[in-house]
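Asker: Okay, here's what each chain looks like letter by letter:
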Amino acid sequence: MDYVLDFSQIDKNLLAMVGGKNASLGEMLKAGIRVPPGFAVTTEGYQEFLTGAGLDDVICGILDAVDPEDMASLDNASAQVQALINGAPMPSAIADAIRESYAGLCEGCQSQDLPVAVRSSATAEDLPDASFAGQQDTYLWVTGGDQVIKMVQKCWASLFTPRAISYRIKIDCSHITTLMSVGVQKMVNSRTSGVMFTLNPTNGDPSKVMVEASWGFGEAVVSGIVTPDSFLVDKIVSEINQRTISAKTVECVRDGAVGVIHRDVPPERQTTPSLSDEEIKELVNLAKQIENHYGRPQDIEWAIDIDFSPPENIFILQSRPETVWSQRPNKPLLGGKTGFELLMDKALTTIKVRK
Amino acid sequence: MSNPNRFPFAREIEIPSEMQGWEEMYPAHRMFSPERREWEETQFWYADKIHAPDPMVPLDEVFQQAWQIALSQHTTRIFCIPPAQGIAQRMVGCYMYICAITPPPPEVIQEKAELFPKRTFPLFESYGTLWEDWLTRFQTLGKELRSIKVPTEFPKYMPDFNSATTLPAVTPAQELLEAFNTAVNIIYRGWQYHFNYLNVTYLSYLMFADVARQLFPGISESTIGKMVAGAEVSMFRPEEELCRLARLAHAESKVADILRSDRPAASKIQSLRESEAGRHWLDELERIKDPWMYVSCGAGWYHYEGSWITKLDVPFSYLKGYIERLDKGEKIERSFVAIAEARDRVVEAYRKLIKTPEDQQSFEGAYKNTRTIYRYAEDHLFWVEHWFHTLWFEKMREFARLFVKQGVLRDEEDFFMFNRLEVPYLIEDFSTSWALGEGIPTLNWADKAQKRKKILDAAAKWNPPPALGIPPDVVAEPFTVMLWGITTERVQDWLKGTSAKPGDVNELKGFASSAGVAEGKARVLKLLEEIVNIKQGEILVVGNTNPAWAPIFSKIKGAVTDIGGITSHAAIVCREYGIPSVTGTGTATSTIKTGDIIRVDGDSGMVTIVKRASS
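Residue numbers (the working numbering), protein chains in the order written: chain A, 482 to 836; chain B, 39 to 653.
It should be emphasised that the hints constitute simulated quantities derived from the structure, not laboratory data.
Given the structure is predicted, the values throughout are model-derived calculations rather than measurements.
Among the hints, erroneous ones may be present.
Unchecked claim - DSSO-like mimics (lysine-lysine), calculated; alpha carbons at most 30 Å apart, straight line: (1) B:Lys156 - A:Lys762; (2) B:Lys156 - A:Lys818; (3) B:Lys489 - B:Lys443; (4) B:Lys573 - B:Lys649; (5) B:Lys649 - A:Lys818; (6) B:Lys406 - B:Lys499; (7) A:Lys769 - B:Lys390; (8) A:Lys762 - B:Lys390; (9) B:Lys87 - B:Lys492; (10) A:Lys769 - B:Lys573; (11) B:Lys492 - A:Lys762; (12) B:Lys443 - B:Lys187; (13) A:Lys762 - B:Lys489; (14) B:Lys369 - A:Lys818; (15) B:Lys366 - B:Lys595; (16) B:Lys499 - A:Lys511; (17) A:Lys762 - B:Lys559; (18) B:Lys390 - A:Lys493; (19) B:Lys369 - A:Lys762; (20) B:Lys564 - A:Lys769; (21) B:Lys649 - B:Lys547; (22) A:Lys812 - B:Lys390; (23) B:Lys390 - B:Lys369; (24) A:Lys762 - B:Lys649; (25) A:Lys762 - B:Lys595; (26) B:Lys393 - B:Lys499; (27) B:Lys369 - B:Lys559; (28) B:Lys406 - A:Lys818; (29) B:Lys406 - B:Lys390; (30) B:Lys406 - A:Lys812; (31) A:Lys769 - B:Lys393; (32) A:Lys812 - B:Lys393; (33) B:Lys489 - B:Lys349.
As the list claims (entries may be wrong) - Residues of chain B placed beyond 10 Å of chain A at every Cβ, according to the derived structure: (34) Thr190; (35) Ser242; (36) Asp248; (37) Ser258; (38) Thr261; (39) Ser373; (40) Phe374.
Idealized CB from N, CA, C, for every residue including glycine.
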């Protein structure tokens with residue numbers, strides 16, 4: 482039984498075993514797209530955990546008695562099941578496998594107690610038309626094998642929030658056969674991070690990549706607390722067509738025990754570009770690769786890790802299909818004109834010189 | 039200049055007193071004049087830094103006069119570009135200002151709109167043959183210019199003849215006048231040919247640039263230029279021939295040794311004559327000399343620039359460089375196949391991104407038309423500004439030598455101090471004095487030339503305003519937009535003033551004409567001869583480059599020019615070598631000093647002086 486699989490062993494054929502998120506990380510690695518290293522705790526591990534501890538029957542018993550219309554009954558059942566899952570001892574075969582993989586990860590990154598992110602990767606979550614999104618948990622800055630195991634259990638327990646329970650009852654889906662895998666991935670120690678689109682988000686032009694970047698962790702950009710630097714880059718000739726360096730007043734950084742805090746950026750660093758031209762070009766190359774891989778425009782989260790040296794320091798955190806422009810119908814921009822008609826138009830135009 | 043919305047009018051400009059008498063150097067109709075003031079002051083004039091960056095030498099002004107008519111009539115009377123008028127010229131203090139004339143009345147635009155497609159569209163269909171015809175016509179014209187006979191002296195008496203049979207049909211006096219008139223007629227006709235396809239070429243380019251910008255907003259001008267550029271065009275042939283000669287020499291150690299040495303070209307040639315292999319190599323050189331060595335050392339607009347055939351040290355220094363690179367096992371030729379393939383790959387990549395079949399079709403049509411004709415922009419340049427102008431300057435020097443020999447002028451340079459309408463006076467005055475007999479004085483042409491040389495020296499030190507008059511609302515004339523890059527921003531930059539002293543300016547803006555960023559030591563070249571000083575990895579800063587400079591582009595890290603747009607020579611070559619360039623900065627050669635550390639941003643068109651050289 483494979484309770485644990487390294488990301489490098491995963492591809493989309495293993496979706497049922499590792500869930501959508503992990504499968505997609507495996508696929509990206511396969512396509513040569515650098516994602517932070519890590520491993521998946523498989524659905525086989527989850528099943529073994531449930532059956533090995535005899536939890537499955539108990540859980541079924543509790544949930545069969547729930548009245549989905551009664552909030553109190555839902556809350557009560559949820560609390561009971563989650564306590565059961567969090568409190569049960571991890572079977573030693575799975576615990577050993579997780580500890581071993583975590584140790585391997587630490588070794589690979591030359592760090593003891595490497596901080597990792599522990600994320601649920603549901604087998605249904607990221608699939609179209611069965612969105613459980615947001616109903617499972619993510620735990621950041623987890624360190625040490627024991628903590629990792631604890632968070633894996635918490636992820637599993639998150640399958641049993643009141644909303645998830647009621648939703649499954651509504652769509653007539655079994656509680657126990659809804660399986661969940663968990664991903665354990667190195668936390669990127671971000672110097673700079675941000676997002677990029679494989680088209681120009683302001684006009685849908687597919688020949689551009691728009692990169693937005695700011696100091697520290699990506700939350701600063703994603704949550705909109707800073708105006709990021711932005712770079713509009715031509716995909717084909719790799720020229721930076723537009724470069725806006727903003728005053729980046731706040732950054733999200735790690736603060737030991739607390740996790741991530743917001744911190745003021747010293748004035749001299751606020752207007753320093755958060756990416757070098759080489760990094761921008763490398764990011765754009767990655768963006769093109771990812772878009773090619775998925776065959777459609779993407780919205781990508783990325784980060785530059787201080788713990789690695791270039792060009793191995795750029796990591797892709799997430800890639801989703803771009804949804805705004807990709808869903809609009811394509812209208813001709815040139816009015817269906819011939820080369821001669823366009824020439825005639827040009828011959829008739831004047832260029833405005835005075836404002 | 040109190041009004042911030044306009045530039046001074048010509049009559050408001052104070053010209054330095056050392057330039058007194060400058061007006062006499064140019065024909066009266068080329069001056070701002072009271073009787074035309076009403077029209078002149080409703081137009082917008084700007085200094086033509088592309089064709090006339092230096093004070094205008096009177097005889098060299100002939101090209102300007104010729105293009106004013108030729109360019110304008112192709113726009114207004116031949117192809118009839120609807121809202122566009124021609125380009126007018128005026129001289130102010132030895133500098134040439136040109137004008138983006140306001141569009142004609144609506145009914146004229148209407149009439150021209152009907153004529154334009156009928157006259158323009160068919161030429162795209164048959165451009166291949168048209169170009170062949172053009173070249174034949176042009177080469178014939180050049181040969182006519184070369185074969186004009188200029189008397190080498192006016193004899194005391196005509197040679198003996200037999201009056202029983204015939205009298206001398208003509209004397210040198212008649213020959214001289216005819217020769218000059220013929221030369222002027224040929225140069226005017228040549229300039230007429232120059233514009234045969236250029237207006238439409240530029241218009242087509244602008245059209246394609248619009249199409250590219252609509253499909254891919256923000257696409258850089260340099261990328262658009264790259265998409266339509268031809269690889270194998272006449273303008274690159276001289277460099278190719280030098281590479282071939284270098285390879286030939288490299289295979290013969292004796293020849294290579296001579297060419298590698300540090301000696302003037304004349305002395306190298308003498309040594310080459312002494313061996314069989316050397317003579318064979320010289321024969322090869324002789325064989326390609328015409329036309330491929332008829333390359334101006336400048337842009338071809340001033341007689342003093344010289345050309346490869348008159349300044350053999352220039353091509354010989356390139357040959358030395360090429361041979362040394364061959365010694366190191368480097369490849370010296372540019373691969374035209376690779377350049378063309380790279381261009382086609384870029385076009386194909388953009389093409390794939392076009393989302394609708396309608397747009398794909400429009401793009402193909404626009405691209406095909408522009409690609410068909412665009413090579414004219416690079417082909418004509420060699421044949422007209424280089425080959426043809428070189429022939430003209432050689433011919434003019436024959437006239438000059440005659441007048442020096444006859445004692446009317448002190449040196450060859452004097453002859454160029456008279457404009458093309460004055461030269462017939464000079465010829466007539468001298469011919470008359472010869473005809474009248476012994477001891478008949480002419481006007482003092484030599485002193486007049488001397489005075490004009492001083493005026494030109496003073497003019498070179500004067501900094502004329504960038505523009506005159508009121509900026510127009512709109513411009514339609516294709517050359518104004520494409521070649522001189524007249525845009526709202528450009529005019530606003532000018533209006534903000536050029537009052538800052540060169541030492542205070544640390545940033546220059548120009549055309550982002552070849553992508554990338556480079557930082558390094560600047561090498562400012564004012565004269566072609568200084569080219570030998572260029573060191574590996576420096577950034578070239580020059581007024582304007584041209585094909586004669588091509589061999590140094592493999593040495594430099596970037597290029598900045600005072601003049602030229604994205605289709606200028608420097609821009610084209612930099613794109614091919616993949617080095618950043620910013621062209622048309624206006625003042626780079628006066629603002630930047632050799633040794634300054636500069637940053638050239640070929641993506642944004644900015645040049646920054648990072649650190650001034652300690653002086």
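Asker: Run through the hints listed earlier and report the numbers of any the structure violates, in increasing order.
Answerer: 1, 5, 6, 10, 11, 13, 14, 16, 20, 23, 26, 35, 36, 37, 38
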